[in-house]
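Here's the letter readout for the chains.
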Amino acid sequence: MLRKVRQWGPPLLLISPSLVLIGVFVYGLIAVNAWTSMTDSHTAAQSTGQAPTRMVGLANYAELLDSDAFRHSLKNLVLYTVVFLAGAMFFGFLWAWLLDRPLRFEGVFRAVYLFPMSVSFVASGVVWRWLLNSNQGENASGLNRLFQMVGLDFLQNNWWNDIDVGIAAIAVPAIWQLAGYVMALFLAGFRGIPAELREAARIDGASEWKLYRHVVFPQLSPVALAAVIIIGHMSLKVFDLIMSISKPANYQTKVPAIDIFLLKSQYDYANAAAVAAILLIFVAVLIVPYLVQVARGAKR
Amino acid sequence: MRSQRRSSALLAGIAAASLMLAACGGDDQSGGDQSGGVDTNGASEVEVFTWWTSGGEKAGLDGLVEVFGEMYPGIEFINGAVAGGAGSAAKDLLQSRLQAGDPPDTFQAHAGMELADYIAAGQVEDISALYDEFGLNDAFPQDLIDLLTVDGKIYSVPANIHRSNVVWASPSALEAAGLDPEATYDSLDEWFVAMDAVEDAGMTALSVATTWTQVHLLETVLMSSLGADAYNGLWDGSTDWSGSDVTAALEDFERLIGYTNTDRDGLDWPDAAQMVIDGNAAFNVMGDWAAGEFDAQDLVAGEDYIYFPVPGTDGMFGFLADSFTLPVGAPHREAAEAWLDAVGSLKGQTEFNIAKGSIPARTDANPDDFNDYQRSAIDDFGSDTIVPSLAHGAAAPIAVSNAISDAVSKYTAGGSDLTTFQDELAAAVG
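Protein chains in written order, with the working numbering: chain A, 1 to 300; chain B, 1 to 430.
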């Protein structure tokens with residue numbers, strides 16, 4: 001018994017401060033959030049205890065999922081995530097694949113592609129707001145103007161002001177910023193594959209395509225999964241980019257994180273908490289399987 | 001409040017440590033509440049929370065602080081201004097501070113229904129007694145006192161009055177379209193004819209910016225189409241939002257949006273005003289703070305830009321006002337009362353408004369102290385029917401105006417038709 005305490009005691013004592021802090025400020029507050037989301041605290045008076053609040057169970061969730069506005073936000077989020085993920089993975093992989101070959105100035109290219117990541121979403125958003133100006137024809141500016149100058153007028157479009165797919169335009173700057181990061185991940189993956197394996201495959205007569213298909217790609221799948229998880233959870237939490245390119249009140253670019261902000265500012269704490277809980281579940285669905293897999297790998 | 005915190009803490013359920021933390025929080029809270037009423041020796045400083053950080057607004061605040069310094073030399077002014085997002089960043093921080101029981105000594109809020117949330121939350125005090133003490137009941141016009149009064153109590157002192165229903169126009173753009181800059185328009189229909197001419201000349205007829213400026217435009221259209229009484233009825237329930245007269249107003253709104261710039265949702269109001277300044281757009285509907293934007297670029301009223309009430313709203317004064325409150329539990333209550341005294345004083349209102357471009361709420365201000373636009377607004381404020389502005393918190397509480405703003409944004413972005421739009425507006429208010 002005493003030996004066990006001696007064995008476990010000091011490490012436990014060492015991590016207990018962080019354990020308590022995380023317990024209270026992360027998991028404790030998640031519990032409070034879940035509690036708030038099940039009350040009827042929709043007004044300013046209730047938020048300060050001037051008026052009574054009742055438990056309403058999952059009614060807020062039911063109402064939210066039933067409302068057109070919130071469904072529109074969810075649809076936007078899914079569309080944004082799909083475009084952002086696909087774009088970042090595609091360009092990240094393409095650049096990594098190109099840089100994997102022996103190439104002069106590789107370091108320069110790597111820096112060029114990775115550099116956008118060092119810019120904050122808010123700062124780049126201000127520039128992209130101008131680039132993604134939706135004016136066409138004579139008043140056009142930004143990318144629409146560029147299209148005119150190179151004779152690709154038909155490419156001019158509304159960008160993020162399209163009510164149905166406008167949110168995909170917000171994914172363009174996001175891809176621009178994070179494709180370089182995905183490239184770095186893939187490049188590390190490529191470099192982690194021993195040269196002997198490639199040589200062995202070539203000696204066995206594998207064509208270049210077969211080499212990639214059967215030797216390189218399978219070894220990249222853990223990297224690809226990590227990239228999907230990282231980009232995916234960032235995408236689900238998108239907020240700052242939309243705040244700086246569009247405006248929170250613009251219906252066409254609403255996503256759940258924006259809804260939380262607006263609901264909270266009008267003292268509708270119950271619905272804000274419910275949206276936050278839904279968002280948390282989304283992210284958890286993405287991350288928990290990954291964590292489980294990583295934990296299993298570590299045990300092995 | 002305290003029991004709620006306790007139950008939340010229990011829910012957090014993290015043994016002794018978390019309970020201790022929460023209990024400390026609770027104690028701080030009640031301590032703050034108590035000190036507000038009895039703190040007598042703290043009148044050495046006053047923290048004034050605003051979102052006035054630049055331009056005419058900052059200059060106005062500086063003028064007011066100067067008057068305050070003369071009236072109360074013993075009290076130090078602490079500037080609690082927060083920049084960003086036309087006040088949205090400040091309001092967000094203020095909400096957190098009030099919630100945490102850490103209010104500033106006084107904070108800026110739009111007068112009218114926007115205060116309803118603070119009142120319902122028990123976060124601001126009834127200051128009717130101060131009105132008697134400072135003699136403000138006689139200094140402000142009765143219309144204004146009525147708009148400020150909630151259930152027989154008054155919760156804030158207005159520092160100024162702004163007008164929302166003003167059209168700003170570019171004489172050069174009008175001339176280029178073959179129109180007479182001197183022309184006046186009695187109704188929206190006459191205005192549409194002029195707009196058609198501007199469009200035919202290849203210019204933007206009406207510049208507008210992001211959602212709240214579209215709501216601003218909608219409110220002036222409602223005023224114009226419905227008239228003052230029916231417009232006021234929208235907010236007290238006596239006008240039916242589903243009625244055919246509202247439908248007609250929304251059809252006018254639809255037509256107006258058709259004349260506007262396509263990049264509206266990405267712009268803020270100064271960008272839309274700039275289009276008129278540059279002569280790229282003929283008209284812009286904005287509150288009279290836009291005059292500051294024109295003056296800052298050395299434009300002369302009547303020559304480089306012209307202004308008139310939104311067609312059909314002549315004789316109506318779309319009202320909004322910045323006002324100061326006395327929060328419950330203000331750490332330096334006496335100093336805060338001194339600040340409110342300065343805000344309501346003739347000298348304070350004069351200095352503040354000369355710089356900010358708005359007009360004093362007091363009726364005894366000397367018009368000769370102000371510029372041309374302000375003098376005309378002072379005249380109109382004295383004679384017009386005062387109607388509350390929707391986009392600026394005078395007509396409806398935040399939850400209602402947010403719901404209206406959602407409906408407007410959805411509609412102008414092409415997400416709903418006119419019928420759905422009207423249904424959503426009715427649901428937002430109802």
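Because the hints were derived from the structure by calculation, they are not lab data.
Computed from a prediction, not measured in an experiment: that's the story for all the values here.
It is possible that part of the hints are untrue.
What the hints assert, rightly or not - Label-pair distances were calculated between CB atoms; the ranges are:
id, chain 1, residue 1, chain 2, residue 2, range
1, B, D102, A, F217, 52 to 62 Å
2, A, S221, B, G122, 52 to 62 Å
3, A, R71, B, D143, 10 to 20 Å
4, A, H214, B, D417, 51 to 61 Å
5, B, G258, A, A59, 32 to 42 Å
6, A, L19, B, L93, 26 to 36 Å
7, B, A296, A, L146, 53 to 63 Å
Yeah, the Cβ is synthetic: ideal placement off N, Cα and C, and Gly gets one too.
Verification of the supplied hints:
{"no.": "1", "hint": "B:D102 - A:F217: 52 to 62 Å", "verdict": "holds, 57 Å"}
{"no.": "2", "hint": "A:S221 - B:G122: 52 to 62 Å", "verdict": "holds, 58 Å"}
{"no.": "3", "hint": "A:R71 - B:D143: 10 to 20 Å", "verdict": "violated, 44 Å"}
{"no.": "4", "hint": "A:H214 - B:D417: 51 to 61 Å", "verdict": "holds, 55 Å"}
{"no.": "5", "hint": "B:G258 - A:A59: 32 to 42 Å", "verdict": "holds, 41 Å"}
{"no.": "6", "hint": "A:L19 - B:L93: 26 to 36 Å", "verdict": "holds, 31 Å"}
{"no.": "7", "hint": "B:A296 - A:L146: 53 to 63 Å", "verdict": "violated, 32 Å"}
Hints 3 and 7, counting from the list given before, are not met by this structure.
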